[in-house]
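> The primary structure of each chain is shown beneath.
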Amino acid sequence: MKLVFLIPAFPLLGALSLIFFGRKLKEPLAGYIATLAVGMSFVFSVVVWLAFLGYHSSVFVEHLFVWINTGSFKVDAGLRVDPLSLTMVLFVTGVSTLIHFYSVEYMHKDIDFPKFFLYLNLFVTSMIILVLGNNMLLTFVGWEGVGVCSYFLISFWHERPSAASAGKKAMIVNRIADVGFLLSMFLVIHYVHSLNYSAIFAAAPHLSKSVVAAIVMLAFVGAMGKSAQVPLYGWLADAMEGPTPVSALIHAATMVTAGVYLMVRLSPVLALSPDIAHVITIIGILTAFMAAMAATAQDDIKKVLAYSTVSQLGYMFVGVGTGAYAAAIFLMVTHAFYKALLFLSSGSVIHGMHDEQNLKKMGALRIVMPITAVAFFTGWMAIAGVPPFAGFWSKGDVLLGAFGESWLVWIIGLATAGVTSYYMGREYCLAFLGKARWMPATVKGKKKSAKAVSHSPHIDPHEPSYKMMIPVVTLAVLALLGGLLNLPFASSLKFLDNFLKPAIAASPSYLHSSALTQIVLGSLDAIFAIGGGLIAYFIWSKTFERPALEFTLFKNAWYIDKTGDVAIARSSTKLAEVTDGVIEPKVIDGAVVGVTKLVLAVGILIRKLASGFVRREALVIAGGLVILIIIGGLRGGL
Amino acid sequence: MTQTSFPFLTVIVLLPIIGGVLLAFVPVDKLAKYLALGVSVVSGVLALIVMLLFKTGDAGYQFVTNHSWVSSLGIGWHFGVDGISLFLMEMVALIFPIILIATGDKTKNNTYSAWLLILEGACFGSFLSMDLFGFFLFFELTLIPAYFLIIGWGGKERSKAALKFFLYTLFGSAFLFAAMVILVVIHHSQTGVFTFDITKLAHTKLSYASQVLLFLGFSAAFVIKTPIFPFHTWSPKAYSEAPTSGSISLASIMAKLGTYGLLRFDLNFFPQASYRLAPILLTLGVIGIIYGAIVAAVQRDFKRLVAFSSLSHLGFVAIGIFAFSTIAMNGAILQMFNHGILTAAMFLIIGMILERTKTIDISKLSGLQKAAPVLSGAMIVVILASLGLPGTNGFIGEFLILSGTFIGHRWWAVVALGGVILSAVYLLWAYQRAFHRKAEESHSVIKDMTMKEKLYIAPLIILIFFIGIFPSTMLNKISPSVNLLVHHVQQANHIVKQPAYAASYKSGSAASKNKHSNLNATELYRPGAPTSRWLYAAKSTSNETNLQMKTGSVK
Chain H
2 MKLVFLIPAF
12 PLLGALSLIF
22 FGRKLKEPLA
32 GYIATLAVGM
42 SFVFSVVVWL
52 AFLGYHSSVF
62 VEHLFVWINT
72 GSFKVDAGLR
82 VDPLSLTMVL
92 FVTGVSTLIH
102 FYSVEYMHKD
112 IDFPKFFLYL
122 NLFVTSMIIL
132 VLGNNMLLTF
142 VGWEGVGVCS
152 YFLISFWHER
162 PSAASAGKKA
172 MIVNRIADVG
182 FLLSMFLVIH
192 YVHSLNYSAI
202 FAAAPHLSKS
212 VVAAIVMLAF
222 VGAMGKSAQV
232 PLYGWLADAM
242 EGPTPVSALI
252 HAATMVTAGV
262 YLMVRLSPVL
272 ALSPDIAHVI
282 TIIGILTAFM
292 AAMAATAQDD
302 IKKVLAYSTV
312 SQLGYMFVGV
322 GTGAYAAAIF
332 LMVTHAFYKA
342 LLFLSSGSVI
352 HGMHDEQNLK
362 KMGALRIVMP
372 ITAVAFFTGW
382 MAIAGVPPFA
392 GFWSKGDVLL
402 GAFGESWLVW
412 IIGLATAGVT
422 SYYMGREYCL
432 AFLGKARWMP
442 ATVKGKKKSA
452 KAVSHSPHID
462 PHEPSYKMMI
472 PVVTLAVLAL
482 LGGLLNLPFA
492 SSLKFLDNFL
502 KPAIAASPSY
512 LHSSALTQIV
522 LGSLDAIFAI
532 GGGLIAYFIW
542 SKTFERPALE
552 FTLFKNAWYI
562 DKTGDVAIAR
572 SSTKLAEVTD
582 GVIEPKVIDG
592 AVVGVTKLVL
602 AVGILIRKLA
612 SGFVRREALV
622 IAGGLVILII
632 IGGLRGGL
Chain E
16 MTQTSFPFLT
26 VIVLLPIIGG
36 VLLAFVPVDK
46 LAKYLALGVS
56 VVSGVLALIV
66 MLLFKTGDAG
76 YQFVTNHSWV
86 SSLGIGWHFG
96 VDGISLFLME
106 MVALIFPIIL
116 IATGDKTKNN
126 TYSAWLLILE
136 GACFGSFLSM
146 DLFGFFLFFE
156 LTLIPAYFLI
166 IGWGGKERSK
176 AALKFFLYTL
186 FGSAFLFAAM
196 VILVVIHHSQ
206 TGVFTFDITK
216 LAHTKLSYAS
226 QVLLFLGFSA
236 AFVIKTPIFP
246 FHTWSPKAYS
256 EAPTSGSISL
266 ASIMAKLGTY
276 GLLRFDLNFF
286 PQASYRLAPI
296 LLTLGVIGII
306 YGAIVAAVQR
316 DFKRLVAFSS
326 LSHLGFVAIG
336 IFAFSTIAMN
346 GAILQMFNHG
356 ILTAAMFLII
366 GMILERTKTI
376 DISKLSGLQK
386 AAPVLSGAMI
396 VVILASLGLP
406 GTNGFIGEFL
416 ILSGTFIGHR
426 WWAVVALGGV
436 ILSAVYLLWA
446 YQRAFHRKAE
456 ESHSVIKDMT
466 MKEKLYIAPL
476 IILIFFIGIF
486 PSTMLNKISP
496 SVNLLVHHVQ
506 QANHIVKQPA
516 YAASYKSGSA
526 ASKNKHSNLN
536 ATELYRPGAP
546 TSRWLYAAKS
556 TSNETNLQMK
566 TGSVK
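Heads up: the sequence lines are chains H and E, in that order. If you want this note's numbering, it's the 1-based position in the first sequence plus 1. If you want this note's numbering, it's the 1-based position in the second sequence plus 15.
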């Protein structure tokens, strides 16, 4: 377990070697080195996990060095190994390795190939620090680190103005939320005097209710930014400007789940504040529902997935808010599998379609990309929660928690599950079924001729090479079997629940509901999942134009982002311009100039100074001062 | 106070000044920059040795040299270094050689190098002087080389900019001079001796009213020099018109003279006035943070942008000083050093851009990232450190300042956090406009950093990360002196620190449990209230009832 420092060290080394030798390494070596670095990180995560299974305590802290020390306030750099951080680090490094490998082929011929892998390695390093840090400040280091890497990677194709803006927007929105995280830490410093998690958990029961509530609420504000909750979700849709592997890794599987991780990490504190837990549930369910509705009307293959991610994150927060922390983590892990799968297969589609992302211009791809179609289908089933795919079990656990909390939350959650299945079905149908809309008009409608048409110079959809297929197929298997992590049939089969138990606050008793309830709820989940999917199939497999079902309100994601843009971004630019153009020169400097004029009018000497004598007189002063100082120095004993 | 045999500090201060004077009269244009660099490096190495020999854990002055200068007035050639001035000295020692390497091109003659050396010596002298009169001399001496650097090698409107800078700061100095003389006279009337020794002057007994007046006199010079809102209007013009060397000297080094003066003199001489008037400085600091950031956002001239971002960042330093928390003050001193490093790096890179594209108008630049990836990489590192990314030096300073301020002056810290958001806005926006997008024809093929440029920017970049990861190496040396200073202010205001405080550090101990349970719901939102009475004893005497409200918040 002493080897835990190697987990972040490998990707860091990878990043450093790419900084210095990246341009010499070129393609594809740079990519493979990066993949190897993350792969080694995964290997050592497994090693540490195995060692931890035989460890006598539920927490192991590897102290690295004293980071900040002002005498009265001290922060250590240390890594905390416990079930929660291990779960996180295992799936983060595992999924990252797959996506790194996929990217080697995907980013082929990109001019900044080594730089891409540099950022990816840096990202993984930061993400590992985020989950392994043994105090809030170290978590914050990783938190900001992933944010910056996300900024770099969203604006990776920075010559595209939209990509550059999207990167900046992601960073700024996160920054706004980070103020919450910082304030939360300030309160902890003030009242607990240590940012170590162990210290916080020990002190929390002795703090007043309002302090606890403020700490948790402010941390949640930070989490809302990072995990794109209402109303701070617009940036995630824009983040799709980044290369698709980035969307898969950062904006689906790992970084955006950091907010959920933080809240689960703080669960011993959160459990003390039921009011804030309710707030989290409400925001979570609202986000789940609103984002799912937004996803029903998107035309961009990645934007559907982006809103879907937001929606799933909302579910995770419902889990957090209702005290079903293990369920939230379970959903997070399975979501990482199937959402990475969906993004990577859509990446294959985009790759095959020569950077076309508009669903309305796809169709019938199942014929030319059969494996990708199956992979995407698996992803659809998994996210929809059709048994026995992974999503059924994990979303089921979350909805069970919601059922115990309030029937309203549960109903919205259930309905949203149906919507989820519907919008994913719509996406699948538009991309893979129906008529091929990328064919020339003359042969439109003849499915058989798809192959012939693929010779056309413009569009030539094809399966990617096996290098891109391996990660996709692996993820498809995981999306299918992920449920095995935590099956509800017997308590001995709830591996994840049992493993996580020491690291999180105890779940409320209602989570241990009767077998009958579980069966009924589970069946309802399945019915909604299958029903939503079937509706989508019947509507969208035949047509691709149904404006009546694609509301403008949803297309614009409830206008929240646009409103924010007008209300905040534009008005504050205006404010800045006025400040710069009027207040600064007229008011503040105006006062100075006014005073100066007054003085000038009175003092003849100063008028002289101002009219050209300054130079000479300054020289004289300088000479005098210098001579004085040198004499002083000589007398002083040189 | 420790005495050493070799007069390190005297040599560090005098060498550049004498070197500068000699250089001014020796017409060796080609050799000048090498000679100047040599002198500057020797001083720098000596300063480095001082840092290595500096005793960690000692709060007092070290390497003290004290000789009589003008004995009838009690003026001494008196130098010493403590945790507060140590890294400011190192900052001067590091940055001047870099300036000399970076800007010593063909257009610069021996006078240029001479002025820079004199400026370096004056800066050393200001930070190291333990004699108030000596400080004043050096403080004023910095003005002149800076003025001539702007006049001689500046932009189009240089004379106007230089004049405004000169007069404005001179105006502040007049108050400093008057206040200094009054202080010495009062001290004389009490003790019968004339002295400018700052350790002795700190024992002058002053009525509250005279403390306030003198505090304002001293501060006038310092807030203008720093600058602190609203006394900043000389700076945008001066920064943008000055040559790279001038901008760096003004923003990186001379700005710290102001904040250093506040720390060293205001807090030492007038602890009660400093404490009572702190809300004014805190408020100005916070306004500066927000105001500077807002105005920076719409600047088109890169150097003006740095001027306003400096206003914003120095606002953080100001609140770190006047929050009277050891955490915040440690952060403030660290941040002074950080700001020096970051601003220097920023201006150096802007200088490189100017050299290549002949413009630093952000709206005319575009696509630099593609054309010059290494240069852009350096710029983004500096920008991220400026906006306080964890892992870089900027974060440590900002975090300590804000968390320390939060403990005692909650709402100031909350508003100041706005600066954290806004700094991301204006810096990333500027970066996007100048470095992203497609490059325009004119600068699609510009040269990336040369080897020489990489070499002189490298130490700054390394420091950005080193301090971000191992700040304790510096904080260990800084904190004893800071703790002493904070203690001095507390004593003067009858706030006594409870020794048992350390016990509550380990949570879970019996002591802290009891204390935690004392907290109640209403305390959270009352910044002035003694929220942390269980952390620090709040004893105040007799008529200081008003103070009592605040005592809990000050440590």
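In case anyone wonders, no lab produced these hints; they're calculated from the structure. For each residue, glycine too, the CB sits at the ideal point set by N, CA and C. Heads up, some of the hints might be wrong.
[Claimed, not checked] Computed beta-carbon distance windows for the label pairs:
#1 H/Leu620 - E/Phe209: 27 to 35 Å
#2 H/Phe21 - E/Phe485: 17 to 25 Å
#3 H/Arg24 - E/Val60: 43 to 51 Å
#4 E/Ile295 - H/His279: 21 to 29 Å
#5 H/Phe552 - E/Ile295: 27 to 35 Å
#6 H/Arg24 - E/Ile64: 53 to 61 Å
#7 H/Lys598 - E/Pro294: 27 to 35 Å
> Give me the numbers of the hints this structure contradicts, sorted from smallest to largest.
3, 4, 5, 6
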